[in-house]
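Colleague: Residue-level listing of the chains:
Number of protein chains: 2
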Amino acid sequence: MWLVIAACLAVFQGTIGDPSCASCKNWKDGVLNVHIVPHSHDDVGWLKTVDQYYYGSRQGIQNAGVQYILDTVVSQLLHDPAKRFVQVETAFFWQWWQEQNDHMRHQVKQLVSNGQLELLGGGWVMNDEAVTHYQATVDQFTWGFRRLNDTFGSCGAPRAGWQIDPFGHSRETASLMATMGFDGLFFGRLDYADKTQRLKNKTAEMVWQGSPQNLGKPAELFTHVLFNHYSPPPGFCFDLLCGDEPFIDSKHSPDYNVDRRVKEFVDYAKKQSAHYTTNNIIMTMGQDFNYQDANAWYKNLDKLIKYVNAKNPDLNLFYSTPTCYLQAVNSANVTWTTKDDDFFPYPSDQHSYWTGYFTSRPTLKFFAAQGNNFLQVCKQLYALTELGPEDWADLTAMREAVAMMQHHDAITGTEQQHVAQDYALRLSRGFDECHFATEAAVTKLLTINSTQPTLDFESCTQLNISQCATTESSDRFVVLVFNPLSRSVSHHVRIPVASSSYKVSDAVGVEVKAQMVPLPEPMLRLPGRVSPAKQELVFMAEKLPPLGYTTFYVQKLAGKSMLAYAEKGPERLTLKNKFMEVSVNEITGELSEIVVDGAQQTIDQSFYYYEGAVGDNEEAKNRSSGAYIFRPAGDATKVAKQAKTISYKGPIVQELQQTFSPWVSQVVRLYEDDPHHLELEWLVGPIPIEDGKGKEVVSRLAIDWRTDGIFYTDSNGREMMTRKRRENLTEPIAGNYYPVTTAALLASGEQMLAVFPDRAQGASSLRDGELELMVHRRLLKDDAFGVSEALNETAFGEGLVARGRHIVKLGSKSLKAEQRRLAQQHNVLRPWLLFAPTDLTAKQFAKTYKTSWSGLSAALPPNVNLLTLEPWKGRSLLLRLEHLQNRDDDEVLSKPVTVSLKSLFSGFDVTAARETSLGANRWLSDVKRMEWEIDSNDIGLDSNTLAGGLDDDFNVTLTPMQIRTFIIDVTAKKV
Amino acid sequence: MWLVIAACLAVFQGTIGDPSCASCKNWKDGVLNVHIVPHSHDDVGWLKTVDQYYYGSRQGIQNAGVQYILDTVVSQLLHDPAKRFVQVETAFFWQWWQEQNDHMRHQVKQLVSNGQLELLGGGWVMNDEAVTHYQATVDQFTWGFRRLNDTFGSCGAPRAGWQIDPFGHSRETASLMATMGFDGLFFGRLDYADKTQRLKNKTAEMVWQGSPQNLGKPAELFTHVLFNHYSPPPGFCFDLLCGDEPFIDSKHSPDYNVDRRVKEFVDYAKKQSAHYTTNNIIMTMGQDFNYQDANAWYKNLDKLIKYVNAKNPDLNLFYSTPTCYLQAVNSANVTWTTKDDDFFPYPSDQHSYWTGYFTSRPTLKFFAAQGNNFLQVCKQLYALTELGPEDWADLTAMREAVAMMQHHDAITGTEQQHVAQDYALRLSRGFDECHFATEAAVTKLLTINSTQPTLDFESCTQLNISQCATTESSDRFVVLVFNPLSRSVSHHVRIPVASSSYKVSDAVGVEVKAQMVPLPEPMLRLPGRVSPAKQELVFMAEKLPPLGYTTFYVQKLAGKSMLAYAEKGPERLTLKNKFMEVSVNEITGELSEIVVDGAQQTIDQSFYYYEGAVGDNEEAKNRSSGAYIFRPAGDATKVAKQAKTISYKGPIVQELQQTFSPWVSQVVRLYEDDPHHLELEWLVGPIPIEDGKGKEVVSRLAIDWRTDGIFYTDSNGREMMTRKRRENLTEPIAGNYYPVTTAALLASGEQMLAVFPDRAQGASSLRDGELELMVHRRLLKDDAFGVSEALNETAFGEGLVARGRHIVKLGSKSLKAEQRRLAQQHNVLRPWLLFAPTDLTAKQFAKTYKTSWSGLSAALPPNVNLLTLEPWKGRSLLLRLEHLQNRDDDEVLSKPVTVSLKSLFSGFDVTAARETSLGANRWLSDVKRMEWEIDSNDIGLDSNTLAGGLDDDFNVTLTPMQIRTFIIDVTAKKV
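Heads up: the protein sequence lines correspond to chains A and B, in order.
Under full-length UniProt numbering, the residue at position 923 of the first sequence is numbered 923, and the numbers go up by one with no gaps.
Under full-length UniProt numbering, the residue at position 569 of the second sequence is numbered 569, and the numbers go up by one with no gaps.
What the hints contain is simulated information worked out from the structure, not anything from laboratory work.
Yeah, the Cβ is synthetic: ideal placement off N, Cα and C, and Gly gets one too.
Some clues are possibly wrong.
Listed below are several chain B residues computed to face chain A (Cβ distance under 7 Å; list not exhaustive) [what the hints assert, rightly or not]:
id : residue
1  : Tyr55
2  : Thr72
3  : Asp150
4  : Leu240
5  : Ser253
6  : Gln327
7  : Asp597
Let's have the full structure, built from the sequences with the hints guiding it.
Modeller: As structure tokens, this is what we get:
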């Protein structure tokens with residue numbers, strides 16, 4: 001095993017072994033210990049773009065410049081070893097670090113080592129927890145940690161979560177943070193009533209069980225609800241921009257205020273202390289973008305500490321950090337209560353439910369999802385083909401852009417319009433980089449010998465609006481379909497084309513079935529769409545190789561049109577394949593009935609809209625619906641009583657095109673070979689506002705089930721959360737909304753109805769048998785939580801149009817687990833299409849290139865997924881495997897499963913592997929988390945089970961829902 | 001002479017000899033040198049009090065905290081030896097310095113020595129130039145310099161004036177600054193049209209002749225009018241609170257702006273350079289209270305310098321200071337134009353003449369004048385009686401309070417109301433200190449042996465409203481009259497008493513003539529006056545000892561009332577003494593005729609008011625009259641057509657009490673023994689605003705002279721300025737207003753009419769023979785120059801009432817010089833009264849105490865005044881003598897005059913004396929000012945004439961208007 005360790009030594013700079021980098025035992029027995037924690041909450045974009053925040057430009061929007069914060073804070077820390085600061089957002093820290101000279105870097109390293117500068121949270125951003133996918137969250141932490149680890153070694157590994165601003169908190173995030181090795185989590189926002197109750201009961205500190213059914217103790221996380229959001233006590237914000245009263249300690253001054261100020265603080269500290277269990281309290285001394293002039297803060301904090309301590313022997317104020325606080329509280333040997341659900345939704349008052357942002361900016365949310373999809377493809381291909389500097393390819397821009405999108409004011413849609421555009425621009429630059437990398441990778445893979453003509457591949461990022469230059473303009477072109485999943489999947493390829501007749505051949509040159517479907521009429525007049533394509537060519541890419549690709553050859557034909565036969569409504573239209581039959585009501589044009597496995601279900605699907613409440617926001621009851629807040633003015637209104645319908649049927653797919661109104665239409669698709677799978681592709685917008693009213697549009701499915709108020713939503717795309725509709729809320733609609741990242745479910749007896757959206761959306765079940773997802777929203781008034789703009793997105797001079805996809809599955813509950821996970825995975829990591837024109841014939845092409853390939857020696861078991869594969873440091877790779885099933889989902893699939901890493905990959909052998917914590921910044925064997933006594937049992941797993949070593953074949957056993965992370969060294973297989 | 005030098009060595013820390021503390025030759029030939037001068041303009045009170053500014057409290061009013069500025073600037077300077085900063089206001093610097101530890105002090109000393117921290121201006125405050133008295137100005141500089149010199153030695157001596165914000169500039173200030181050894185003066189505010197012209201002509205740099213008729217070259221000062229006020233080029237204010245665009249120099253950033261920003265700056269620099277003579281320009285990089293976060297400024301200035309220099313070989317940007325700039329410009333060997341008048345008034349646009357502040361807050365201005373008066377008394381007594389720490393007396397609070405009052409937003413009346421109250425509070429504390437010191441001093445002086453009963457002296461600071469507890473409540477009391485002038489003067493003492501019959505005895509117990517005068521009726525209902533006194537006892541203190549005192553004994557009598565006989569109008573009333581006869585018009589009740597020396601003059605005096613203009617201030621033509629701006633809505637209206645009159649006549653004084661309206665009244669007094677001296681004591685307020693209109697009240701004298709538009713006003717109480725009424729102004733009234741500190745004159749042939757106010761006031765002669773002084777103003781709208789409050793002073797729940805005194809002299813021009821100077825001096829340094837109750841009889845008192853005493857061996861010649869006598873360092877004293885007359889005033893008095901210091905004082909001999917510059921911070925022999933070639937002749941005096949040494953008797957020769965400053969050592973005379 002020496003080899004392994006030696007090979008990996010380069011990975012973590014600094015000490016091997018659990019490092020004790022900083023000492024912080026400043027607390028005392030028998031007094032109230034007040035942990036003074038200087039911090040600044042620096043949004044990686046919100047009202048300003050990330051660069052505007054970094055440099056401090058456009059101060060007219062918000063006076064905030066992160067460069068000044070880091071400059072002045074570091075200067076203060078260097079001048080006084082007693083002072084401390086917590087640095088959270090690595091995106092900003094890294095930007096600053098790169099500007100520093102060697103001398104400064106050396107000094108900052110010492111500040112980190114001695115604990116003065118505590119790196120906390122440490123993700124690239126402080127990610128949102130509602131609408132993010134766990135894969136992107138893990139990635140954004142990993143990338144933040146990576147930069148810190150490269151810079152500071154083991155002392156740079158954050159030890160606690162600091163999610164002070166996200167608008168509610170998911171259980172999955174707690175689970176991930178625990179698995180990253182964090183000792184605790186701090187946050188500020190939760191249901192106002194819950195907070196009141198917790199403060200009253202002294203349960204604002206608890207042990208949160210992040211995966212009570214599956215992972216048990218390793219996913220438990222000590223969680224602290226901050227007393228005053230993340231702000232200082234009222235009147236004690238000493239930031240230059242706060243304007244609270246500084247200490248005036250000249251005794252000659254007419255304004256001398258030390259005695260009064262000390263009393264105010266002590267009173268507050270004692271009040272706060274009454275709500276917590278130990279003789280420690282934490283005072284968050286900072287707010288958004290504080291410490292641009294760190295001296296102003298610290299100078300007054302110095303005085304605060306000096307004067308309070310001098311006058312109050314029963315108090316002990318000192319500069320501290322959240323980690324030090326955790327140590328102090330942990331040492332108190334208290335037994336803690338537990339929590340096993342999550343902190344959604346988040347109402348900040350009776351009328352302000354932060355459930356609007358689950359849907360806000362639907363197209364940005366889609367772009368974010370697509371970004372994660374492409375980043376994974378890009379990283380996988382980069383790793384599998386050993387791209388490196390010599391290939392001029394890099395992953396940094398895309399890693400950073402996707403990570404940045406996870407920020408709690410990015411993917412949430414709660415940023416200003418110009419900032420949303422900046423995120424999109426950055427992501428688009430990331431796409432450019434990944435286009436380059438993937439093209440280089442597939443060129444390597446396709447190449448058999450170097451004399452072959454070079455193929456010029458491109459990704460078509462506008463396939464979502466049925467637009468692609470190569471497919472529209474080429475008579476012959478190749479479609480490369482890369483499958484990022486570690487299992488074989490089949491996938492229906494849809495490509496916009498300008499002609500009406502094409503022939504499609506597979507990787508060996510054999511013709512495959514293809515069909516032509518006209519685009520729905522609203523797509524032809526979509527603002528911003530510039531395409532000659534009036535139809536899409538559809539064919540099935542069957543059994544795609546796991547973590548690999550196959551190619552298809554498409555040739556334009558001069559012959560007769562392949563356009564499918566159209567049926568127009570209103571008649572009783574029916575879509576049907578061997579698994580499912582779907583009927584449409586002849587009057588309304590809506591879905592009316594589904595027959596699955598011979599069982600008939602009455603089902604209805606239509607579009608509704610809520611009018612957004614409008615108020616002056618002065619009081620809670622006058623809250624407007626806005627970017628954060630969903631607050632309908634009343635019940636939903638149906639968009640149209642009747643949809644115009646037309647259907648197209650062919651050998652691959654049967655489509656029903658519904659037009660509800662000029663701004664709402666939908667295509668219902670039933671593919672020939674897809675079991676229990678109905679695809680609803682909605683097109684919504686521009687949402688009309690001529691009546692002066694903002695509107696929030698939902699797609700509502702209703703099935704004749706009694707569901708007892710129960711429905712299910714995923715937590716960040718991983719474990720499911722049971723939701724129970726709450727009655728008697730002041731906001732009965734908004735208050736029952738929950739975030740859906742990848743799945744929302746209803747169940748009745750053995751039956752299950754599931755909807756898998758292609759991006760995060762808000763969802764609810766407001767009445768039994770109903771499941772609604774909010775797909776788009778356009779509002780005319782700000783909700784006064786800071787963004788200062790109405791969420792009124794426009795594009796091309798009109799209200800924004802959004803197009804998206806709901807996969808609907810209806811079936812028996814026993815299918816649930818596997819089907820759901822596959823649908824989720826398939827939806828998140830969709831096969832990625834690359835297109836290249838060619839002059840070769842189909843046969844020539846199949847002979848000339850390597851037209852099919854898998855990166856794996858074999859598909860992974862159906863309950864295992866390759867979560868991460870990416871180039872790491874030097875020639876090592878980062879690998880994550882995950883168990884996909886819950887402990888009680890399935891007799892077979894829920895069992896632990898073992899995978900051997902050694903020969904996992906088709907192209908190379910694993911020669912060394914060492915397990916790390918989830919964030920890939922600490923050897924798992926070094927992780928010793930704090931122990932917390934709890935007042936209830938967990939499921940018994942303990943961390944030792946998980947930290948087990950590897951045998952010589954690198955066999956890895958995964959328990960249900962477990963993710964294991966490895967840094968591996970590989971050697972190319974001898975050919 | 002060794003003794004002298006040795007004795008004085010302790011006075012200046014640091015190097016003897018002209019020190020070359022800092023090197024700053026960064027400019028280059030053949031390129032445009034851009035001197036980047038970081039600075040912060042820190043008002044010693046304005047919208048906030050001085051402590052609120054220092055500590056940065058009440059940021060809601062203005063975000064400004066000087067402690068943060070000094071903290072962060074010093075930190076920046078310490079980190080980079082290329083950076084520089086100029087520190088101006090010593091009041092703030094000293095407050096900061098006192099908080100620093102030894103290590104920091106040591107570092108800051110190095111910054112001063114190496115020129116990084118340039119001390120500029122260096123007064124306690126940046127004094128106003130219009131309404132200050134030169135004595136107070138000299139004192140405030142001296143006190144600022146003293147603190148700097150104590151701290152930094154010779155490198156701490158400022159070398160240039162930095163009057164960037166005062167609202168116009170007096171020639172006297174230039175003269176004083178030259179005499180302080182300054183090499184130049186920089187300012188920002190002057191007549192907008194003059195500035196345009198000077199920029200056009202490249203005469204924004206000139207040699208200002210501060211005393212062309214008297215002092216000549218030693219009073220010449222190179223003067224630089226700043227290009228853009230004292231601000232950075234538009235868009236280049238990098239203060240955290242400015243919000244201008246920072247340099248965004250990451251090439252990857254969507255906001256990268258270096259090329260554009262460099263071009264903007266270079267364009268501006270070249271534009272600026274076109275208006276100046278040499279290849280140097282100065283860029284003032286700062287504004288009000290900038291650099292609270294010095295890092296933000298310097299970080300961007302670093303980038304500015306780096307990128308501009310890198311891209312523009314024809315430019316040379318570097319951190320510099322005004323002194324370095326002066327060196328660069330001086331080395332260019334250019335011949336400069338001269339200026340020999342002043343920069344008043346200051347219109348910032350066609351309708352905004354800053355002439356209102358000449359009068360704003362008349363009672364605060366009076367308190368300031370009284371403060372200077374008492375400070376001089378206090379310092380003199382302190383020095384003369386060798387008070388020291390053992391007497392528990394100190395001068396610091398009063399020195400600082402009076403100095404602070406000279407600030408250009410203090411005495412000017414342009415501060416917010418609560419700030420005015422703070423100044424008054426501080427001054428009042430200074431008074432308390434001086435009460436203590438003067439009481440200790442006179443107790444020492446009066447004491448013959450220690451068994452005497454102690455007298456409990458008090459000053460009555462409310463004599464100005466005829467209120468004094470001791471005199472009102474005591475049956476027997478002593479009045480000590482201290483004369484701070486170095487000549488003998490007679491003075492009429494007026495003291496409020498509750499009874500109607502008193503006997504007054506002099507220092508030897510001989511009864512003196514006394515008279516009782518009823519208070520005018522409006523005084524009896526004066527808001528805030530709490531006094532049982534309904535009359536004043538008046539007697540003459542004849543031939544007071546120079547720089548000494550005499551006492552009077554007052555005893556209440558039971559006998560008949562001494563109240564004078566009253567004549568009521570309307571009749572032709574006449575006041576008459578042996579010099580003058582004053583008649584009152586029987587219809588109007590106004591003055592109508594004065595007969596002096598047999599010559600009859602028709603004269604009229606009455607009160608008028610202007611309505612203040614009201615506008616929205618958006619455009620110049622909509623400017624409101626306000627604290628700064630005088631802008632009448634039209635011609636003045638007479639307060640009343642008729643005054644009710646009553647007169648009281650007695651052996652000492654004849655009084656005419658006029659009541660013009662419920663809010664304007666006046667007492668006209670003619671004292672029996674005063675030649676050519678009429679006293680007008682006006683009482684104005686509460687100015688009525690019930691009509692919604694602000695009003696500005698003037699006292700107007702009209703005499704039937706043709707004056708050709710010429711009138712005269714003093715420059716800070718010293719030399720007179722000739723004013724010529726300007727016609728065709730956009731603001732014909734306000735634009736002809738000038739500041740009067742101590743005297744305004746009209747002349748016709750050999751006749752002279754002079755008014756000496758008891759505080760600074762605005763004045764004009766709008767028509768020939770007229771002289772008006774504005775005595776009070778109350779306005780309802782802000783003039784939008786920052787103070788953000790209307791000048792609507794109230795007290796005791798009503799509009800403020802002001803009471804004041806105009807001494808009027810009418811006589812032949814030949815009397816002018818001596819009379820004027822005496823009247824000025826007597827008005828500024830009035831005898832100070834101290835009161836003490838006693839149980840002794842008059843005779844007993846005269847025998848028991850030393851009832852009369854002079855600090856001088858003999859009175860000084862009539863053309864010499866002792867300007868300063870105060871305790872200095874150790875046992876040394878600071879002494880200033882001044883020649884009082886102009887070069888051409890009088891055949892005798894205008895001659896040079898010699899005074900021997902050796903035996904000047906009655907109590908001690910001068911054992912050592914060394915001459916210093918005016919500010920007492922540099923040996924005069926060390927002062928080598930830069931030489932500037934001018935395009936016109938001066939009067940030929942050169943500095944060598946003035947820097948002549950002293951002979952063994954310390955004989956000092958003074959030329960007309962010369963002030964000479966000495967540090968002297970003294971030994972008590974052997975008795």
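Colleague: Are Asp150(B) and chain A close enough, Cβ to Cβ, to be under 7 Å, as the hint says?
Modeller: Asp150(B) check fails; min Cβ-Cβ to chain A is 19 Å, beyond 7 Å.
Colleague: Does Leu240(B) hold up as a contact with chain A if the rule is Cβ-Cβ below 7 Å?
Modeller: With a minimum Cβ separation of about 6 Å from chain A (threshold 7 Å), the hint on Leu240(B) holds.
Colleague: Regarding the hint that Ser253(B) lies at the interface with chain A, is the smallest CB-CB distance below 7 Å?
Modeller: holds, 5 Å
Colleague: Restraint: Tyr55(B) near chain A, CB-CB cut 7 Å. Satisfied or not?
Modeller: holds, 5 Å
Colleague: Interface hint check: Thr72(B), Cβ to nearest Cβ on chain A, cutoff 7 Å. Holds or violated?
Modeller: This interface hint holds because 5 Å falls under the 7 Å limit.
Colleague: Answer holds if the nearest beta-carbon of chain A is closer than 7 Å to that of Gln327(B); otherwise answer violated.
Modeller: violated, 32 Å
Colleague: Would you settle whether the hint for Asp597(B) is holds or violated, based on the nearest Cβ-Cβ distance to chain A being less than 7 Å?
Modeller: Cβ of Asp597(B) sits 54 Å from chain A, so the hint is violated.
Of the numbered hints stated above, those contradicted by the structure are hints 3, 6 and 7, listed in ascending order.
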